[in-house]
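These are the residues of each chain, in order.
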Amino acid sequence: MRFLTYEPLSPEEWHREVMDEHSGASVEFLGVVRRMENGAPIEYLEYEAYVPMAEALLDRLIQQAREQFGLSKVYFRHRLGAIRVGEIAVIIGVHAPHRAEAFAGCQFLLEALKRDIPIWKVGAR
Amino acid sequence: MRFLTYEPLSPEEWHREVMDEHSGASVEFLGVVRRMENGAPIEYLEYEAYVPMAEALLDRLIQQAREQFGLSKVYFRHRLGAIRVGEIAVIIGVHAPHRAEAFAGCQFLLEALKRDIPIWKVGAR
Amino acid sequence: MVISLMVFAHLKPVLGAESCSVNLPEGATVNHLLERLLAEYPALREWLPSLRVAVNCEYAALNTVLHEGDEVALIPPVSGG
Amino acid sequence: MVISLMVFAHLKPVLGAESCSVNLPEGATVNHLLERLLAEYPALREWLPSLRVAVNCEYAALNTVLHEGDEVALIPPVSGG
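In order, the protein sequence lines correspond to chains H, S, V and W.
Take the first sequence: its position 74, counted from the start at 1, is 74 in the numbering used here, and no numbers get skipped.
Take the second sequence: its position 13, counted from the start at 1, is 13 in the numbering used here, and no numbers get skipped.
Take the third sequence: its position 76, counted from the start at 1, is 76 in the numbering used here, and no numbers get skipped.
Take the fourth sequence: its position 6, counted from the start at 1, is 6 in the numbering used here, and no numbers get skipped.
In short, the hints are calculated from the structure, not lab data.
Using N, Cα and C, we set each Cβ at its ideal position, and we do this for glycine too.
Any given hint could turn out to be false.
As the list claims (entries may be wrong) - Distance windows between CB atoms, simulated: (1) V:S19 x S:R115: 48 to 58 Å; (2) W:L48 x S:A112: 22 to 32 Å; (3) S:A112 x W:V2: 26 to 36 Å; (4) S:G39 x V:E68: 56 to 66 Å; (5) V:E26 x H:E7: 36 to 46 Å; (6) W:W47 x S:A112: 17 to 27 Å.
Said to hold, decoys possible - Pairs of lysine-lysine, PhoX-like flavour, derived with a Cα cap of 25 Å: (7) H:K114 x H:K73; (8) W:K12 x S:K114; (9) H:K114 x V:K12; (10) S:K73 x S:K114; (11) W:K12 x S:K73.
Put together the whole structure using the sequences plus the hints.
What follows is the structure, encoded as structure tokens:
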């Protein structure tokens, strides 16, 4: 698995990525599990995925984002399994020449994740 | 100076900030000095500011962004003086309940910086 | 021909399994498969408006023709992120 | 009355200084100050369309009345970030 993992996520690996000298903008999104889910307090959210399809779609999506927004680097990780409140569920980081492409590229990947990638919240406890 | 500094910037201080349990989205922007400036290679960009005015405007702007986008935390730092290629000129980090407010809040602060905050690129070498 | 069917998330209890094999006539489409499943699992009907189907890890149209050994997945609305 | 004037970035060479004191009649506005400066530094004219003026660290309109001791800054287009 390149983009999905059952291990805890940390953005440190992404933070160590050196920026290309022609890139001037880095945008990072972290999605974190919140205490309240549908109006009730929780301890964990549980995610599952159709892993081979999610990996294949993400690979193609990231290629498309690189080309469409001129991104020089993309980092994408989504955690599966039980994720505790305050822990990271998803990291999306991009480098781009300018700020507009960096924000647009990061948001494009996030919206595509929310719409098309076969990953589901399957429970809270 | 709260938001401006002549020292090198690192996002580590911001990365150590714990997220509020009602926040599910963190967005961070890094602006980095690029090799090419107006078509020519450079080693450094030099920034100056009208410091008291920039600090006062930023303080108010950040308050406004907190209220307007429901941001639970905001981190804003802009470096002044000579900044080498690949080094960070600006860091804007926000925490918000959801992704839309986090992106909108971060971009609002960045666009306001670019439009209104009295900071200038005064030279390249 | 035989295709393998996979079911995810909130659809698992509807079909009572995560995966199974389905025997279909040659030339059957995604739509034929759904009709067969609806006849067998009427509770699937309420999911239909939001359901997408993937064939071999690609979203597929209703008129996509299935082939022996295809891996077909029923994809309820996703909720990652 | 005397106000203090500050100049930034690419405007410094136009006025030949970073700051100076300017003597103005009571009731003078930002606009009066700019007219005085234009008479003294004609090269300032090309900056006028993009110039903003701050009084005591706030952007100010042309008709803002100045007072003894005000800190007035000429703000060319900013380029932070």
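Requested in this report: Could you tell me which of the hints above the structure violates, numbers in ascending order?
Outcome: 11
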